[in-house]
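Protein chains in written order, with this note's numbering: chain F, 68 to 192; chain S, 68 to 192.
No copy is singled out in the list; a pair is fine if it fits within one copy or between any two copies.
Restricting the straight-line Cα-Cα distance to at most 20 Å, the calculated cross-link-like pairs of lysine to aspartate or glutamate (EDC-like) are: (1) Lys78 x Asp91; (2) Lys117 x Asp157; (3) Lys118 x Asp166; (4) Lys117 x Asp91; (5) Lys160 x Asp124.
Honestly, the hints are just simulated from the structure, not real lab data.
Number of protein chains: 2
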Amino acid sequence: MQFDAEVSGHKVVMDATPEVGGNDIGARPKQLMMAALAGCTGMDVISMLKKMRVKVDEFDIDIEADMTEEHPKHYYKVHIIYKFKGQDLDEAKLKKAVDLSQDRYCGVSFTYRQTMDLTYEIVIL
Amino acid sequence: MQFDAEVSGHKVVMDATPEVGGNDIGARPKQLMMAALAGCTGMDVISMLKKMRVKVDEFDIDIEADMTEEHPKHYYKVHIIYKFKGQDLDEAKLKKAVDLSQDRYCGVSFTYRQTMDLTYEIVIL
Chain F
68 MQFDAEVSGH KVVMDATPEV GGNDIGARPK QLMMAALAGC TGMDVISMLK
118 KMRVKVDEFD IDIEADMTEE HPKHYYKVHI IYKFKGQDLD EAKLKKAVDL
168 SQDRYCGVSF TYRQTMDLTY EIVIL
Chain S
68 MQFDAEVSGH KVVMDATPEV GGNDIGARPK QLMMAALAGC TGMDVISMLK
118 KMRVKVDEFD IDIEADMTEE HPKHYYKVHI IYKFKGQDLD EAKLKKAVDL
168 SQDRYCGVSF TYRQTMDLTY EIVIL
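In isolation and in its complexed conformation, chain F is listed as follows:
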């Protein structure tokens, strides 16, 4: 069940769990969809914050996703948690960057929103 993908010249290994015949050598393909989402919106946000001269010390994104029980099993509900850490962070600017990514720039969010209930929140640590 192991598949090695070549993505932008980089190797990405995927594999299934032992329960379905895999060896857990790599990521589950569907969960990789969520990595794509985090990376897409994360790059948007951090580049907009750079333009706004907002300095962030740490930036993490958690994604909570619910999958249907029936085939074709697919995510139908996704919640993105943007977690920022830094000195005197301007919450309005963080919100602006995140909103812009979600409303205008992130093509992965745009795609997923057509079939998923996609919500998000900002947490300042």
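Knowing the structure of chain F, use the given hints to seat chain S on it.
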């Protein structure tokens, strides 16, 4: 622009191109969506072929995808090429496995089909 994703306990590195401020250390997030697609349908197909007792020597999946020019930049057209290599491969069985993945099992295909013109073909080498 580098983001390290933890996906099913495995690290997946994403990064942007130098043109947009990245260092090309890892995969582009949107292209990762296509790896997820290949992995999802690939695992379906290979496990169905195993049940059908079809022995495949090599199995590759190529994906050709077109992205919009306008924001939010997203894939709108995707063509999957399933490439099989093996002795006396039964084309009808290969087609059955691929069709079942596309029509019933692959949740990534299901999701993408809502916003993308998704087509596929089978090539026996």
